[in-house]
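Colleague: If you count the sequence shown from 1, you need to add 16 to reach the working numbering.
I should point out that these hints are in silico values taken from the structure, not numbers from a laboratory. Hints should not be assumed to be uniformly reliable.
To be verified - Straight line, CA to CA, 25 Å or less: simulated BS3-like cross-link-like pairs of lysine-lysine:
id, residue 1, residue 2
1, K811, K264
2, K264, K88
3, K264, K721
4, K175, K345
5, K708, K756
6, K811, K767
7, K149, K251
8, K721, K468
9, K708, K726
10, K149, K175
11, K767, K817
12, K726, K767
13, K149, K468
14, K708, K623
15, K756, K811
16, K623, K721
17, K767, K623
18, K468, K251
19, K817, K726
20, K264, K345
21, K811, K708
22, K756, K817
23, K362, K251
24, K623, K264
25, K251, K175
26, K721, K756
27, K721, K767
Claimed, not checked - Listed next, with one range per pair, are the computed distances between beta-carbon atoms:
id, residue 1, residue 2, range
28, T272, V396, 48 to 56 Å
29, A619, R474, 54 to 62 Å
30, V774, F722, 22 to 30 Å
31, V776, E838, 32 to 40 Å
32, I312, P638, 31 to 39 Å
Glycine included, each C-beta is placed from N, C-alpha and C at the ideal position.
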Amino acid sequence: MKEFLLAMIIFVAASLVFAEEAPDATSKETAPLESVEPHHHPAAVMEGDLDSVVTGKDVIPNFAAHPTIVSKQSGNWFDVSTWQQARVPHADDVVRIEQGHAVNYNGISDAALASLGIKGTLTFDTAMSSRIKVGTILVYREGRMNVGTLASPIAGNVKVEIIIANRSLATWGPDRATGAYDPLQYGTGLISFGEVNMHGKEMSPTWIRLAQEPRAGQNTLVLASSPTGWSVGDKLVLPDTRQTPLVKKWQIEPVTPIELQLEEMIIADISGNTIRLTRPLVYDHLGGRDTDGNLIGMPHIGNLSRNIVVRSENSGGVRGHSMFTERSKVDIRYVSFVDMGRTTAKPLDNTVITDNVVAHIGTNQIGRYPIHMHHHMGPVNTSNDGYQFVLVGNAIDNGAKWGIAVHNSHFGLVDGNVVYDVEGAGIITEEGNERENVFSNNFVVKVGTIIKSLYEPRYGGVAEIGRHHGFSDFGYEGSALWFTGNDDYVTGNVAANAAYAGVMYNARSKGFVNNQPLVPNFRGADIDDLTQWTSYKKTFAPEIRMSRNNEVYASGVGIWVGFAGVVGQLSDYLLWNIKQTGLYSQRNISAAYDNITIIGNQAVSNKNYIGTINIGIDLHNPRYQAGHVVLRNIRVEGFNLGIDLPAFLLPVEPQFGLAPPRITIVDDAFLRNYVNVREHSPLVGSKYTLLKDVEFEQNMGPQNKFLSLKPAAIATRIVPPFSLSTVTELSRTYVYNYDKQSGNDFQLFFKEQSPGHVMVAREYPAGNLLANQNCPTVGLTNQQCWDQFGVANLKDVAPCKDTSRIEIDGFTCPISDAATLEELLSLIPEI
Numbered sequence: 017m018k019e020f021l022l023a024m025i026i027f028v029a030a031s032l033v034f035a036e037e038a039p040d041a042t043s044k045e046t047a048p049l050e051s052v053e054p055h056h057h058p059a060a061v062m063e064g065d066l067d068s069v070v071t072g073k074d075v076i077p078n079f080a081a082h083p084t085i086v087s088k089q090s091g092n093w094f095d096v097s098t099w100q101q102a103r104v105p106h107a108d109d110v111v112r113i114e115q116g117h118a119v120n121y122n123g124i125s126d127a128a129l130a131s132l133g134i135k136g137t138l139t140f141d142t143a144m145s146s147r148i149k150v151g152t153i154l155v156y157r158e159g160r161m162n163v164g165t166l167a168s169p170i171a172g173n174v175k176v177e178i179i180i181a182n183r184s185l186a187t188w189g190p191d192r193a194t195g196a197y198d199p200l201q202y203g204t205g206l207i208s209f210g211e212v213n214m215h216g217k218e219m220s221p222t223w224i225r226l227a228q229e230p231r232a233g234q235n236t237l238v239l240a241s242s243p244t245g246w247s248v249g250d251k252l253v254l255p256d257t258r259q260t261p262l263v264k265k266w267q268i269e270p271v272t273p274i275e276l277q278l279e280e281m282i283i284a285d286i287s288g289n290t291i292r293l294t295r296p297l298v299y300d301h302l303g304g305r306d307t308d309g310n311l312i313g314m315p316h317i318g319n320l321s322r323n324i325v326v327r328s329e330n331s332g333g334v335r336g337h338s339m340f341t342e343r344s345k346v347d348i349r350y351v352s353f354v355d356m357g358r359t360t361a362k363p364l365d366n367t368v369i370t371d372n373v374v375a376h377i378g379t380n381q382i383g384r385y386p387i388h389m390h391h392h393m394g395p396v397n398t399s400n401d402g403y404q405f406v407l408v409g410n411a412i413d414n415g416a417k418w419g420i421a422v423h424n425s426h427f428g429l430v431d432g433n434v435v436y437d438v439e440g441a442g443i444i445t446e447e448g449n450e451r452e453n454v455f456s457n458n459f460v461v462k463v464g465t466i467i468k469s470l471y472e473p474r475y476g477g478v479a480e481i482g483r484h485h486g487f488s489d490f491g492y493e494g495s496a497l498w499f500t501g502n503d504d505y506v507t508g509n510v511a512a513n514a515a516y517a518g519v520m521y522n523a524r525s526k527g528f529v530n531n532q533p534l535v536p537n538f539r540g541a542d543i544d545d546l547t548q549w550t551s552y553k554k555t556f557a558p559e560i561r562m563s564r565n566n567e568v569y570a571s572g573v574g575i576w577v578g579f580a581g582v583v584g585q586l587s588d589y590l591l592w593n594i595k596q597t598g599l600y601s602q603r604n605i606s607a608a609y610d611n612i613t614i615i616g617n618q619a620v621s622n623k624n625y626i627g628t629i630n631i632g633i634d635l636h637n638p639r640y641q642a643g644h645v646v647l648r649n650i651r652v653e654g655f656n657l658g659i660d661l662p663a664f665l666l667p668v669e670p671q672f673g674l675a676p677p678r679i680t681i682v683d684d685a686f687l688r689n690y691v692n693v694r695e696h697s698p699l700v701g702s703k704y705t706l707l708k709d710v711e712f713e714q715n716m717g718p719q720n721k722f723l724s725l726k727p728a729a730i731a732t733r734i735v736p737p738f739s740l741s742t743v744t745e746l747s748r749t750y751v752y753n754y755d756k757q758s759g760n761d762f763q764l765f766f767k768e769q770s771p772g773h774v775m776v777a778r779e780y781p782a783g784n785l786l787a788n789q790n791c792p793t794v795g796l797t798n799q800q801c802w803d804q805f806g807v808a809n810l811k812d813v814a815p816c817k818d819t820s821r822i823e824i825d826g827f828t829c830p831i832s833d834a835a836t837l838e839e840l841l842s843l844i845p846e847i
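Given only the sequences and the hints, what does the whole structure look like? Please build it.
Modeller: Here's what the structure looks like:
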């Protein structure tokens, strides 16, 4: 059997989506900034036979091709007359329900079936508790599995368990029971090409904000409203709400995790909006407060219990997974997936097949997650309306690498889910081409391991050194909501206790310039018909459709946006008790942020290791572009540094012809931090900054020689000499209505721009004078060099030495070229 199957397999070298349309990574116009490796889902084609199910992207073993028991007619599972063999399925059976037969599952069995193939209909009784244990469930294209439906959900007093049996994967030869040979490790899970409905008892909501701050010793929780569908015995999770200090910048020794003060709890009694717990709380779970002590955010609790449970038999054994692909019709509501998911956050290690020979069996195979929408087209949708798949109100409890993965799948609804205790990402879009999915009202808690020191994973969690699959290996760092593309709706979600980012937009896994996906033109577009898809080759992919009203707390980073091209707008975010960075926005073309509130705890921030600072909004990267950024209606307080402005805005040569204005705008802001704004000398090219209607208040903190020796409204910094620094390029900073005082306008000049400042030699490496960074005659003052060569620091000489605004590190002089600013602003439609 093994030799036969290997002889049938022809593996095609292809990227994850439509390899024939992938950009040429070697061409000058599409080459990425760093080399890009395609995803390592092995695209495959297999000649049709009974032992495989072939799609445009996968060849999956037919785990029920050789049944030991087959349905004879419609009937009850536990009725011998239902089966051709005149007996009930037992342990190690390969069961197949034939097309046209409707079997009702109405009992409890702990006999571990080897596999179950559904070509007809399998329906779980909605009024009777039931349990089935099986290695692999395969729902064929013509098959249907109903575990409750929207019209007839599983009754509230009934529990249904689907246990994925702890069966070894048939990676070295055919399975002794099924005969399936599975080197790519699809088995031990639920795989659907057909229809799957799962509808448990409805909960509204599945997670909820608290009305009172929980304190250690209390056994009662008061909720902001009264939930329905919650019951005695339900398992709850309450996040750690603390901001913890950064104890050091780097750790040579193994990283030290913080002792997370998250708590799992059980409901002893519930009445209205009051819950009594089976035991008192061990820790305080306080809300977020601003500098004046005003409450700005409260923690939430998530309910992890559902009356439909899909779980692995052994969380430490061969764990199960679920995969919904092709035209599967998927509607899953109020189901818990417990101890599911086999792919971990460790480096990927995939099976390798070369010349029809299995050269290596993977030890961490990609693509095996608790819920995986995998190259999912959904049903043909001639009316082009509604959702192509529905995932509502579910719970992921202990989900290995990713909780819910949406991979080249579109127009779906992911709403009201609770994702708890995963390693890499809570909810993720994998390919970057995902279109118009709605990610709404989800609660993601405990992703990755929060450590005591600064945590800066490479490229935000992509291609870490030692991961031999390169850019195909990403999303391992511990972010709650990860979006590899922009073209979705993200609203009403809450993330807590993420080791890295609460919300991440990161196209790095597909490369920076080369994130040019194929996007379906309509719902149900055929994955094999390229006329039904639009290619974004040689242009940037769509911007964010909606990203608003999301909240992140007690995490490393609030929002991380990088390599995302023309981002669009994020708005109405609340970020509190953030450890490292509230908003990171770098390596984009343009981005806009509106009504973002970022509150840190200044007392905790002041305890950070002196060589490490936390930052409210970080636009500065010493080597990469920030892009054109607009910040409006921004509130940042409680950080060592409020806003770190960019040094590098855009490349000299625009990408794909896009050339947005080289200006950063902060319009209408309240800043209250140790240092509120830091401005840098330019990198690569010229840059402009506008600070308009910004109110500054400085918080006290310890002196920091790496930032400022005293609290400051605006600090300035000359970038040290290296290959990209361009200290003699033009850089202008305009301030209008300073401290929200109408008419208090000025232009900021660095003290290094004073007429008498000597332009010292800038060398990199030592002994090598950098071009465009020095006065042609080294040792002249700014004024002398300007008069002789038209060269000066930041390409201008300060016309005044006004230092009366003592909280500003620099000269504040009258604005002399307002026309230049007006011209720039005229190029921005939203200004």
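Colleague: Give a verdict on every hint.
Modeller: Each hint tested on the structure:
1. K811 - K264: violated, 38 Å
2. K264 - K88: Violated, because 68 Å separates the two Cα atoms, which is more than 25 Å.
3. K264 - K721: Given pair K264, K721 holds - Cα atoms ~15 Å apart, limit 25 Å.
4. K175 - K345: holds, 24 Å
5. K708 - K756: holds, 8 Å
6. K811 - K767: holds, 13 Å
7. K149 - K251: holds, 23 Å
8. K721 - K468: holds, 22 Å
9. K708 - K726: holds, 24 Å
10. K149 - K175: holds, 14 Å
11. K767 - K817: Holds, at roughly 8 Å.
12. K726 - K767: Given that 25 Å is the threshold and the Cα spacing comes to 17 Å, the pair holds.
13. K149 - K468: This hinted pair is violated, its Cα atoms lying about 42 Å apart.
14. K708 - K623: violated, 31 Å
15. K756 - K811: violated, 29 Å
16. K623 - K721: Answer holds: K623 to K721 is near 15 Å, not above 25 Å.
17. K767 - K623: violated, 30 Å
18. K468 - K251: violated, 29 Å
19. K817 - K726: Between K817 and K726 the Cα gap is close to 20 Å, so the pair holds against 25 Å.
20. K264 - K345: At roughly 50 Å apart (the allowed maximum being 25 Å), K345 and K264 break the hint.
21. K811 - K708: holds, 23 Å
22. K756 - K817: holds, 23 Å
23. K362 - K251: Judged against 25 Å, a Cα distance of about 28 Å means the pair is violated.
24. K623 - K264: holds, 10 Å
25. K251 - K175: Holds: K251 and K175 sit about 15 Å apart, inside 25 Å.
26. K721 - K756: Given that 25 Å is the threshold and the Cα spacing comes to 29 Å, the pair is violated.
27. K721 - K767: holds, 18 Å
28. T272 - V396: 48 to 56 Å: Once the Cβ atoms are compared, 53 Å apart, the range 48 to 56 Å for V396 and T272 holds.
29. A619 - R474: 54 to 62 Å: About 32 Å separates the Cβ atoms of A619 and R474, which means 54 to 62 Å is violated.
30. V774 - F722: 22 to 30 Å: Taking Cβ atoms as reference, V774 and F722 lie about 24 Å apart, which means the hint holds.
31. V776 - E838: 32 to 40 Å: This hint holds: roughly 35 Å between Cβ atoms.
32. I312 - P638: 31 to 39 Å: holds, 33 Å
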